[in-house]
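When we follow our numbering, the leftmost residue of the sequence shown carries the number 184, and every step to the right adds one.
No lab work stands behind these hints, which were simulated from the structure alone.
Treat the hints with caution; some may be incorrect.
List time: in silico DSS-like cross-link candidates among lysine-lysine, alpha-carbon distance up to 30 Å [what the hints assert, rightly or not]:
(1) K550 - K268
(2) K369 - K471
(3) K268 - K585
(4) K321 - K550
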Amino acid sequence: MKTWIPSGRTSVLWASLGVLLASCAAPPPKAPPPPAPVAAPAPAPVAAPPKPAVPIIDTEVGRLVPVDFSELTEFSVDPLDDVHKTFRFSCQYFRNRKQAQWTPLCERLARLSPTDQAGLRALLMELQPYRIETDDGKAAGTITGYYEPVLRGSRVKRNPYVHALYNRPSDLVVVSAGNAGARGRKVGEKVVPYFTREEIYSPSGQQSMSGREIVWVDDPMDVLLIEVQGSGRVMLPDGSAIRLSYADHNGHPRTPYSQWFRANGLPNIGSMEEISRWARTAPPERVKQMSNSNAQVVFFRWETVTDVTVGPPGATGTPVVPMRSIAIDPRSIPLGAPVWIEFRSPINKDVMYRRLVFGSDTGGSIKGAVRADYFWGFGQQALQMARATRTDQGRMWVLLPKPTAQ
184 MKTWIPSGRT SVLWASLGVL LASCAAPPPK APPPPAPVAA PAPAPVAAPP
234 KPAVPIIDTE VGRLVPVDFS ELTEFSVDPL DDVHKTFRFS CQYFRNRKQA
284 QWTPLCERLA RLSPTDQAGL RALLMELQPY RIETDDGKAA GTITGYYEPV
334 LRGSRVKRNP YVHALYNRPS DLVVVSAGNA GARGRKVGEK VVPYFTREEI
384 YSPSGQQSMS GREIVWVDDP MDVLLIEVQG SGRVMLPDGS AIRLSYADHN
434 GHPRTPYSQW FRANGLPNIG SMEEISRWAR TAPPERVKQM SNSNAQVVFF
484 RWETVTDVTV GPPGATGTPV VPMRSIAIDP RSIPLGAPVW IEFRSPINKD
534 VMYRRLVFGS DTGGSIKGAV RADYFWGFGQ QALQMARATR TDQGRMWVLL
584 PKPTAQ
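Based on the provided sequences and hints, a complete structural model is requested.
Right, here's the structure in full:
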């Protein structure tokens, strides 16, 4: 049998075929992985619409500029003593005047414990502070002080209580309305001027005024003092007290007593303290001349003092509270509103008074955008502080409900 021996060409062919078959038997190389998907960028957050700016409020005598609470230095550390009480008095006024913008806050205040200072502070910080300025942007203004005089008296005339304070006479006729309106009394078909101070306090005048006395006090200068202050507390011999509040006047213009002293060669006497000191040693006839130089007489109404910690009713019809109430110009500050006040101590110029107070009262001399009369309370210390309080660098911020758009 023949054995087949491949030729050289055939050997090469088979060798090539072997290589080809060997390569076909090997696994194919892996394809490269597809590129990782690129994450699409997250959509940019839609910007919240800008918070509308709180507008400046123009008042009759100035403007209220909105600010942050950070401008109210030491607001966070005011102990807020008596603020709950004073705020509730203001809420009573707001309710009587149907000022609905205060209703939600006042309802929450009524549910708040008087001792919850944190809750009270949080409630107050929901209000919008406004810096009080004049029309030309001045934030500094005049702060003075007032107090409630405490007199000694009796409902019955007896020594030493012989100097009468009167209620409003029934024959006093108001010819035109307002504190400055003309007043008089009818004589037949005519209205003539009402009696002057000299006439009322003359023997015949006191006889005609008999029965109109509210109380007799022991110091004739206290009659002048309480007329200037407009109200006062009278301590009676049994330890009880009554409060006298302004009711009316006799229609004559008020003449400052300082004019009489200047005309009589005593230009350095002007305050009630100086007048009282002078009257202790002056001849009685001279004291009477000085008193009669002011023809105006103030008439009062009276009430029993039930809460000895508060003062007389203010312009809101609710009591003023010592060191938490101020008299304001309602053309600048809404009556009853909370106010942050800042002024230098009248007895230590290195100390600043910074406190929350309320615009509980008004006054004939309290006029202007940045103007307040600080109520110090009653008694001798309050008297001294009130007399010493006078600065033209006081500042105030009023706190009001936020606009509904806020």
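Now for the hints, and whether the structure bears them out:
1. Distance check on the hinted pair: K550 and K268 sit about 27 Å apart at the alpha-carbon level, within 30 Å; holds.
2. Taking the CA atoms of K369 and K471, the gap is near 28 Å; set against the 30 Å cutoff, the hint holds.
3. Proximity of K268 to K585 is assessed by CA-CA distance (about 22 Å); at most 30 Å being required, the pair is judged to hold.
4. The straight-line distance between the Cα atoms of K321 and K550 is roughly 15 Å, inside the 30 Å bound, and the hint therefore holds.
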